[in-house]
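**Q** What follows is each chain in one-letter form.
There are 2 protein chains.
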Amino acid sequence: MGTDQGPETIIKALSLAHKKHPDIEFHLFGPSDVIKRELSSYLTSFTNTCILHDAPEFITNDEVISKAIRRKNTSMRLALQAVADGQVDGIVSGGNTGAYMALATILLKTIPGVTRPAIATTFPTAVGKCILLDMGANIECSPKQLVEFAIMGKTFSRDLLNIDSPKIGVLNIGREDLKGKPELHEAHQKLKNLPDVVNYMGFVEGNDIPLGKADVVVTDGFTGNVTIKTAEGIGSAIAQVFKEKMQSNLLFKILKFFSSRKNSGLGDHFNPVKYNGAMFLGLKSLAIKSHGGASAKGFANAIEVAYKLNQYDFSHQIERDLIASKSQLS
Amino acid sequence: MGTDQGPETIIKALSLAHKKHPDIEFHLFGPSDVIKRELSSYLTSFTNTCILHDAPEFITNDEVISKAIRRKNTSMRLALQAVADGQVDGIVSGGNTGAYMALATILLKTIPGVTRPAIATTFPTAVGKCILLDMGANIECSPKQLVEFAIMGKTFSRDLLNIDSPKIGVLNIGREDLKGKPELHEAHQKLKNLPDVVNYMGFVEGNDIPLGKADVVVTDGFTGNVTIKTAEGIGSAIAQVFKEKMQSNLLFKILKFFSSRKNSGLGDHFNPVKYNGAMFLGLKSLAIKSHGGASAKGFANAIEVAYKLNQYDFSHQIERDLIASKSQLS
Chain V
1155 MGTDQGPETI IKALSLAHKK HPDIEFHLFG PSDVIKRELS SYLTSFTNTC
1205 ILHDAPEFIT NDEVISKAIR RKNTSMRLAL QAVADGQVDG IVSGGNTGAY
1255 MALATILLKT IPGVTRPAIA TTFPTAVGKC ILLDMGANIE CSPKQLVEFA
1305 IMGKTFSRDL LNIDSPKIGV LNIGREDLKG KPELHEAHQK LKNLPDVVNY
1355 MGFVEGNDIP LGKADVVVTD GFTGNVTIKT AEGIGSAIAQ VFKEKMQSNL
1405 LFKILKFFSS RKNSGLGDHF NPVKYNGAMF LGLKSLAIKS HGGASAKGFA
1455 NAIEVAYKLN QYDFSHQIER DLIASKSQLS
Chain H
1155 MGTDQGPETI IKALSLAHKK HPDIEFHLFG PSDVIKRELS SYLTSFTNTC
1205 ILHDAPEFIT NDEVISKAIR RKNTSMRLAL QAVADGQVDG IVSGGNTGAY
1255 MALATILLKT IPGVTRPAIA TTFPTAVGKC ILLDMGANIE CSPKQLVEFA
1305 IMGKTFSRDL LNIDSPKIGV LNIGREDLKG KPELHEAHQK LKNLPDVVNY
1355 MGFVEGNDIP LGKADVVVTD GFTGNVTIKT AEGIGSAIAQ VFKEKMQSNL
1405 LFKILKFFSS RKNSGLGDHF NPVKYNGAMF LGLKSLAIKS HGGASAKGFA
1455 NAIEVAYKLN QYDFSHQIER DLIASKSQLS
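Protein sequence lines correspond, in order, to chains V and H. Residue 1155 is where the first sequence starts when you use the numbering used here, and the numbers rise one by one after that. Residue 1155 is where the second sequence starts when you use the numbering used here, and the numbers rise one by one after that.
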């Protein structure tokens, strides 16, 4: 039940997801009494799909990770253990990213050949969607990790967005070979030498992402996190400015026109809520990260991502590609 | 005449700037014959304000910086020398950022107490504008540099945007003290201890920038560069999607309505062209960096920034604040 918004937001999100997918069985890890109270105002057709697992302890956002992951009865750890035990198919959490990543890595295990998992998400572009990783799991990354991200991103893009041979770019502050950081130069050279494994297009810049120049954009977790949050902020700022500018009747009519046509409006196309629900790529099981500050609709989208991803199994393809890259690079 | 777009774009930009400010005297450093040919199609009222300085050599974008800055007759070096000699009041260039920064630092000199200059630019927000720095001059930054950025950003924001006590934030991937990189934690602690020098609000995240939560956002040059370019890309992507969606007559009318009201439209508010023209903060003289790929209108805006900034003199205020911060931190 990890989120900054409290259990009522999550319960509301589950009820939204239930409406769309009545076949989902929800296992809720958190304080049973609070959850029960929240559920009491919902219909039994929904609450019957909720199975409660009492976990009064939880990990806070400012907790030291090394300490947080040692606690045995936190909702996050118990939920991850249920995935590891095969009791549930996957987990969605909006809790402390560092602790979540550390615990998921320990309990769910990484795919052989993966140094550390990465957080991947979809980013809406002018021409469709692109996969961006890492979004914050690995603050600094080695060239080897960036190559792994490229391979995992490729599989994610192909299997989820049905892109045959996704174009992979490494995020940098210029397209020239000498721009940016040393670890990027090394990853750039390695990826150039893997034509059979990835369709590598070279360095890309920030403006290339929203324009959809690449299908997969590889970066360290610090840069990726700032990038996606800036994009979200722009989405919110535009909505705010748009609202303020809606003074005249004509503009108001237009906005209503936009919002009344599902998925056709400009605001909707770049709506941050649409891309809530990031995946921990590189783990043997399904773990989805929601933003801690996501609304019920946002959290429901993260559940939707989990539902869709549960139909795939990337692990083996990623493993095969990692083996192929290793033999080609050595 | 440094830009990716060739001299015709710059000449067009100068002619636009001339229309607004007929008092500007333009000193053009580049291949005289090419510039003369370009100027021949313009009215003498404009061309009479252009003074040519022949510099056939230029620095390319993929040139090794250490080599580029040793060449004595490049247009960039000659133009900077003219600033250093007091022949002109300032310089605007869209050339190789690394070489420009290195040469500007050598020839124009830094303000005492400044480790290295930073590139600062304005970022449009939902509520106004914020100053973002560094935009790409310093790929990795020490805590001391980040503190200097905060002080320089404060002066820039106050003197240029008339904000009395600008709220300063350090860009991170979370607001908690333990989030992000060690150099950010150290800068965070130092800034907390400078209440008389800066109005420090703590860590800010990517989404806080477009929402206008801070007046000055401090970050390393890699993150800053990716952030501003992503924002520009979103601006372009929105324009592209908007154009595609303009199928119906009603929407077309609305767009025309937006664009006909100066500064009132949504597209205009977040128009990337509006914030072309970044400043090298921390130098003793005025040096403006334009994007290499800027249009004539964009380059004209960079000239506009130079024109405005020429009315101020930050150097002494920055120097005073740096001295104050040093005594308070020691």
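No lab work stands behind these hints: they were computed from the structure. Take the hints with a grain of salt, since some may be wrong.
Pairs of lysine to any residue residues, derived as SDA-like cross-links and limited to a Cα-Cα distance of at most 25 Å, are as follows [what the hints assert, rightly or not]:
#1 H:1283 - V:1394
#2 V:1283 - V:1232
#3 H:1298 - V:1294
#4 H:1397 - V:1365
#5 V:1367 - H:1447
#6 H:1344 - H:1294
#7 V:1335 - H:1398
#8 H:1221 - H:1238
#9 V:1335 - H:1342
#10 V:1283 - H:1398
#11 H:1335 - V:1200
#12 V:1335 - H:1294
Computed beta-carbon distance windows for the label pairs [unchecked claim]:
#13 V:1243 - H:1221: 56 to 66 Å
#14 V:1243 - H:1480: 51 to 61 Å
#15 H:1480 - V:1482: 33 to 43 Å
#16 V:1269 - H:1186: 53 to 63 Å
#17 H:1349 - V:1478: 52 to 62 Å
#18 V:1294 - H:1313: 27 to 37 Å
#19 H:1390 - V:1330: 39 to 49 Å
#20 V:1316 - H:1482: 57 to 67 Å
#21 H:1214 - V:1482: 30 to 40 Å
#22 V:1296 - H:1340: 37 to 47 Å
All values derive from a computational prediction rather than experimental measurement. Beta carbons: idealized from backbone N, C-alpha and C, even for Gly.
**Q** In ascending order, which of the hints set out earlier in this document are inconsistent with the structure?
**A** 2, 7, 11, 15, 19 and 22
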